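A.B. asks: If you read the sequences in order, they're chains B and S. Each residue of the first sequence is one higher than the one before, starting from 238 at the first, in the working numbering. Each residue of the second sequence is one higher than the one before, starting from 238 at the first, in the working numbering.
It is worth saying that the hints were derived from the structure and are not from the lab. Computed from a prediction, not measured in an experiment: that's the story for all the values here. Warning: the hint list may mix true and false statements.
Copies of the same chain look alike in the list, so a pair counts if it fits in one copy or across any two.
Unchecked claim - Capping the alpha-carbon separation at 25 Å, the derived lysine-lysine pairs in DSS-like fashion look like this:
#1 416 <-> 240
#2 416 <-> 286
#3 294 <-> 416
#4 420 <-> 240
#5 367 <-> 416
#6 294 <-> 240
There are 2 protein chains.
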Amino acid sequence: MLKLFHNPGSCSLASYIALEEAGADYEVVRLNMREGEQTRPEYLAINPKGRIPALIKGQGVLTETPAILAYIAQAFPAARLAPIDDPWAFAQAQAFNSYLCSTVHVAYAHRLRGSRWADEESSFEDMRRKVPRTYAACFQLIEDGMLRGPWVLGDAYSICDAYLFTLAGWIEATGVDPKQFAKVHDHRERVRSRPAVRRVLARETS
Amino acid sequence: MLKLFHNPGSCSLASYIALEEAGADYEVVRLNMREGEQTRPEYLAINPKGRIPALIKGQGVLTETPAILAYIAQAFPAARLAPIDDPWAFAQAQAFNSYLCSTVHVAYAHRLRGSRWADEESSFEDMRRKVPRTYAACFQLIEDGMLRGPWVLGDAYSICDAYLFTLAGWIEATGVDPKQFAKVHDHRERVRSRPAVRRVLARETS
Numbered sequence: 238m239l240k241l242f243h244n245p246g247s248c249s250l251a252s253y254i255a256l257e258e259a260g261a262d263y264e265v266v267r268l269n270m271r272e273g274e275q276t277r278p279e280y281l282a283i284n285p286k287g288r289i290p291a292l293i294k295g296q297g298v299l300t301e302t303p304a305i306l307a308y309i310a311q312a313f314p315a316a317r318l319a320p321i322d323d324p325w326a327f328a329q330a331q332a333f334n335s336y337l338c339s340t341v342h343v344a345y346a347h348r349l350r351g352s353r354w355a356d357e358e359s360s361f362e363d364m365r366r367k368v369p370r371t372y373a374a375c376f377q378l379i380e381d382g383m384l385r386g387p388w389v390l391g392d393a394y395s396i397c398d399a400y401l402f403t404l405a406g407w408i409e410a411t412g413v414d415p416k417q418f419a420k421v422h423d424h425r426e427r428v429r430s431r432p433a434v435r436r437v438l439a440r441e442t443s
Numbered sequence: 238m239l240k241l242f243h244n245p246g247s248c249s250l251a252s253y254i255a256l257e258e259a260g261a262d263y264e265v266v267r268l269n270m271r272e273g274e275q276t277r278p279e280y281l282a283i284n285p286k287g288r289i290p291a292l293i294k295g296q297g298v299l300t301e302t303p304a305i306l307a308y309i310a311q312a313f314p315a316a317r318l319a320p321i322d323d324p325w326a327f328a329q330a331q332a333f334n335s336y337l338c339s340t341v342h343v344a345y346a347h348r349l350r351g352s353r354w355a356d357e358e359s360s361f362e363d364m365r366r367k368v369p370r371t372y373a374a375c376f377q378l379i380e381d382g383m384l385r386g387p388w389v390l391g392d393a394y395s396i397c398d399a400y401l402f403t404l405a406g407w408i409e410a411t412g413v414d415p416k417q418f419a420k421v422h423d424h425r426e427r428v429r430s431r432p433a434v435r436r437v438l439a440r441e442t443s
């Protein structure tokens, strides 16, 4: 039994969807990040970084969304969630996820998490003002070339789709109109209509 | 023949070391980032993100350090640069590299690349002032638990070591004394003394 530490609405949704798509035997533990549960000693003993997601397997802990997604794809090969038998193609999936993690998510984090990188309220305001531009620039790159269509990697659904769906779900919160990225917008609806994703989203709001 | 786009002193050093450790047939193309070569049309046609590294194989382009490192480990299994036959152990390597990419490198980038996330000079100064604290906090986490020793993953050298060596090489530039992280400091010297690393570093300064 795998256990996923998850905060509804956060990036851990991607791992949640991947577990559901994989048909894994898993349970979800919700952490309330608004109440700071991710920085309590009980959780820091699991993940000293104080972030989600964390995936537990026996005594082991795995963190970082790209690593968790790649693990799920490799551990449940029958679900065909990544081209795991072709190192170059698998690396392309990893490159996409790494971009989402280290550039796209980071751009978004400057909206409400500016205190990670600065101290002054004026800096936080400056960062917040720029997020619509930086977040839109990321999605323009995705729209223009990274999303091959109909799925991120082309004809086959993969872990990349769950992750893109998750971060694309934050576009509205930046004040940007998601419809200006037509391919990304269509992709979101395509992912949202998948049975596994519908099951996860129904639990998110229950 | 693989081709690596590299800027001396930048994070692409990790991929350079991994290629050398793997015994790959490769060549290095130096981009001068101070002169903005990474944003010229010729390079943007290769990597629209305008960042390094980029690894070229035939007509294909692979970006993002964690993806390139994982690819090298999988494509050159005889070099044993990652536990590629064990999905959980491989994922731990990916998690380490993902942390370096999305948290540690990002923390450092606020020193000179604040304009990625803000517009005001006062914000850039604020960000620069905080880098010694954020970068030191990252290396404290690595020191306290992530670097198992003698190598990142324990007994076996891996792609993670080349990447940690690269980012640990930036500690001095933040004004932090690298010796306050004794394990990381020892690890740096251990990596530096490897024959493949010595060959790469000799070329870097030539």
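A.B. asks: Hints first: check each against the structure and report whether it holds.
C.D. replies: Hints and how they fare:
1. 416 <-> 240: neither (35 Å within a copy, 38 Å between copies)
2. 416 <-> 286: Between copies only: 22 Å across, 35 Å inside.
3. 294 <-> 416: neither (39 Å within a copy, 35 Å between copies)
4. 420 <-> 240: neither (33 Å within a copy, 31 Å between copies)
5. 367 <-> 416: within (20 Å within a copy, 37 Å between copies)
6. 294 <-> 240: Answer is within: at 7 Å inside a copy they meet the 25 Å cutoff, but 38 Å across does not.
The structure fails hints 1, 3, 4 (numbered hints given earlier, in ascending order).
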